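**Student:** For reference, the chains in residue letters:
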Amino acid sequence: MAAQPMPAGDRPPLYSLRHLTYTYPDGTPGLREITLDIFAGDRMALVGRNGSGKSTLIRHLNGLFTAQTGECRYQDQPLIGALIPEIRLRVGMLFQDPDDHLFCPTLYEDVAFGPRNQGHREDEVDRLVRDSLTMVGLDSLCGKPAHHLSYGQKKRAALATILAMKPHVLILDEPTANLDSRQEAVFKRLLHEYTGTLIIIEHNLLFLHDLCERAVVLADGRVYHDYAFNDLLSNPQALREHGLDFTFRFAGRNRHYIGAGHHHHYLPTHDHGTEGGHLTPKDSGVPLIELQHYSFCYSDGTPAINDINLGLFAGETIALVGENGAGKSTLAHCLLGLHRGKGTFLVDGRPLVKGDWPLLWRRVGIVFQYSADQLFCPSCWEEVAFGPQQLGLSPREIELRVQKALAVVQLEGFDKRVPLHMSGGERKRLAIAATLSLQPEILILDEPTASLDPKSEEQLLAVLEALPMAMLLITHDLFFIRRLCSRTIVLHQGLIIRDYKTGAFFADNQLRTINGLDNIN
Amino acid sequence: MTSLATRTIVLTPSQGVVFLLCLLAPLLLLLGCRWRRRKILGRMSTPLDWSIPAIDAQAHGSSVFHCWMPAVKIGSLLCLSFLIVALHSLFWSMVSVLIALIAVHLARIPWQRPLQRLAAVSGLCALFLLVLPLTSPPRPGETILLVPLLEWLPLRLTGVVLALTISCKAATVALLMEPMFATSELSRTLQGFTNLGLPGTLIQMILLCHRYLFVFQQEAARMQRAMRVRGFVPRTNLATLRTTGNSLGMLFIRSFERTERVYEAMLSRGYRGTFPAAAKQFPTAKDVAKGLVAVLIGVLLLVLDRLYPVQWP
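First to last, the protein sequences are chains D and H. The opening residue of the first sequence carries number 1 in this note's numbering; numbering runs sequentially from there. The opening residue of the second sequence carries number 1 in this note's numbering; numbering runs sequentially from there.
So that you can see chain D by itself, here it is in the shape it has in the complex:
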């Protein structure tokens, strides 16, 4: 379908793109014949599937890429030559990975980098740095290096580095990826306050809902639609056509449960009173894994999780929720034996002895938050076969497991594909297949939906719903929790503060607010 430009009124365009085409050096087409006007003060969402050309397009707007064919004009001047360095000082661009932004030894230096390049005096630089850091709530950390910050702090720090330059145009590439709702809310507030031209690439249309007035849909490097944002939301056919249909999130609500639980030990390993909810249920059976009074501190003494009591049963799907830094990933690493803390660790009702730790991976599989870290082989087949090969299985059995695992995650025929060249959603599913080939009894998924477009999310949901094993889902995504999980565990500052039925969790508005989970549907 051809682009349908939004009416511009009498405003002259800030950016004027005409038949802009870009091809990567390896021959991959990035943009094809893009014709688009962006006006001063526009608040525009740039949406489309992964690989549709969104990031390539914004790189042209900042002068990082120059037009190969066609034209890209800024305030009616072609965006080439001497104009490019000038534009970069006026057009702020926030990349997806905050570590790419924070390249100086301290946060202060990072934020000062842009204003200094703009030629501000040092006292003015100091004011801009402090104002920006205060705005994102990091003023107390200005002397810290980036590697001492949490992910959410890094993301806000990266935004501060841009805001300090007082850009006329602000371009953001997936600003909310991997953030909890509280951090998302900070971003939303800051973007509401920003008065310049705003261009956001984001899969989370709900986040964009009251931020953007215009939506440009890209597919295969072309502009397919140019809508008022609300018109896009009200057009389910266009949403589905471009893999943006998030309405599956509203289907099947209220599928789970009512009722409250309490903390308890499933297996009596020591004497206990009945106070504090430490009751032993009569008919709960033997959990696959149980932690009793389990604590873990990092080597610098920082406590990560504290006095955890948790049992995981065969076949159940549990959500582990909590704010960024609550200790969710650390708890997952403890369940895998990657971190060894203090307390009782029971497997099938028996305490783990020294020699059992290295074998825990045979029973518990994990899909890490950054699935790229999990993929290190040159082909999908080798990636999925890696685990079974370590088990010393026969080639026939390995082949069988590989094909089965690839089929489960809907990646049949991907055997020879290079993982590095696959989309984010495909990589995530490949990481799941690589774990499934080990046939674990418990599967831990750490932020499975981060950075996925709605289409990939929907595919992932279908895959996860079909898996028979016990699952522990670490996520901020309430929709996935509602659809998949029967039980929800709330972690706060390293402590389990609730362990109850998912229905009870959804009824607990106060707790969802505490954990910054109150504004996702």
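Note that these hints are calculated values from the structure, not bench results. Small disclaimer: the values here were computed from a predicted structure and weren't measured. A portion of the hints provided could be inaccurate.
Chain D stretches covered by chain H per the calculated footprint, using a threshold of three residues with CB under 8 Å from any CB of chain H [claimed, not checked]:
hint, segment
1, 66 to 75
2, 85 to 93
3, 98 to 104
4, 142 to 153
Non-contacting residues of chain D with respect to chain H, defined by C-beta distances greater than 12 Å in every case (computed) [unchecked claim]:
hint, residue
5, Asn306
6, Glu397
7, Gly424
Positions of the beta carbon are idealized from the N, C-alpha and C atoms, including for glycine.
With chain D fixed as given, assemble chain H onto it according to the hints.
**Tutor:** Structure of chain H alone, referenced to chain D:
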């Protein structure tokens, strides 16, 4: 013909113990540090911590070194280090260690960091201390030391003195590193190097290396963890070699991709080939005076070393 007659000193048992302790001190320091580290980590039940300590972790303290302009500080302390390295005699080398210890004390840095630096050089020093007393070439009239119970292992005094002198000088320089680099933020330290005439590109490379070392370390750790949870145990076989090669290759590709992204992020914030510096600083009279004192100490040590070379008895 030169006489090769030697003098032999047989140490008493107590002298022997003290002597051996001195000789083995670096090795003991190294082993002690490793033992302490293992003990602490064992108590905390965590895997070994391979994280890289930040070079400027103590930059926000307050001492004579913290308020010293980095360019002058680095210049004069480097000069002092070179002068100390030029010393010949053991006595004045030992005095230089004392001076370095006083400098660390004045810098108000926790002793753990200088000790870690000493532990880092102690392996090399231990090697000198173990090998030189046995292998230094025979000289006319030299002294042979015989340690009780180790009479079968005669030690050449010239070798012992030489090894101790080298160790003292190495320890002094290692100790001086802390007041030199840990008492200013890295960016200011590197600015100091720029003021001393080091090429800007080199400085930028150091800056980015220091920042991204931590990121790559985290990526490598995550990848190793992913391999471990899928049952990978490194062995001495081809499969291990292939897997390690794959993971290193993947890390390399990802590092390369990150390099491109970081460069783009820098360009998008107005980078034009040089890091913008904070307002240029000029040395105060105090800075220069401190620098002069440091250099004078070095010169004085060197002059005394040459004029009054205290000989081993």
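**Student:** Do at least three Cβ atoms from the segment 142 to 153 of chain D come closer than 8 Å to Cβ atoms of chain H?
**Tutor:** With 4 residues in contact (Cβ-Cβ under 8 Å with chain H), the coverage given for the segment 142 to 153 of chain D holds.
**Student:** Okay, the segment 66 to 75 of chain D and chain H, do three or more residues pass the C-beta test at under 8 Å?
**Tutor:** Coverage by chain H is violated for the segment 66 to 75 of chain D (0 residues, Cβ < 8 Å).
**Student:** Closer than 8 Å Cβ to Cβ for three or more residues is the test here. Does the segment 98 to 104 of chain D pass it with chain H?
**Tutor:** This one holds; 6 residues, not fewer than the three required, reach chain H with a Cβ under 8 Å.
**Student:** Compute the least Cβ-Cβ separation between glutamate 397 of chain D and chain H, then decide whether it is above 12 Å.
**Tutor:** Its Cβ never comes within 12 Å of chain H, the nearest being 15 Å, so this holds.
**Student:** Confirm or reject the statement that glycine 424 of chain D sits farther than 12 Å, beta carbon to beta carbon, from all of chain H.
**Tutor:** holds (14 Å)
**Student:** How does the coverage statement for the segment 85 to 93 of chain D fare against chain H, requiring three or more residues with Cβ below 8 Å from a Cβ of that chain?
**Tutor:** holds (count 6)
**Student:** Compute the least Cβ-Cβ separation between asparagine 306 of chain D and chain H, then decide whether it is above 12 Å.
**Tutor:** Label holds. Min Cβ-Cβ 14 Å, cutoff 12 Å.
Checked against the numbered hints given earlier, the structure breaks only hint 1 and satisfies all the rest.
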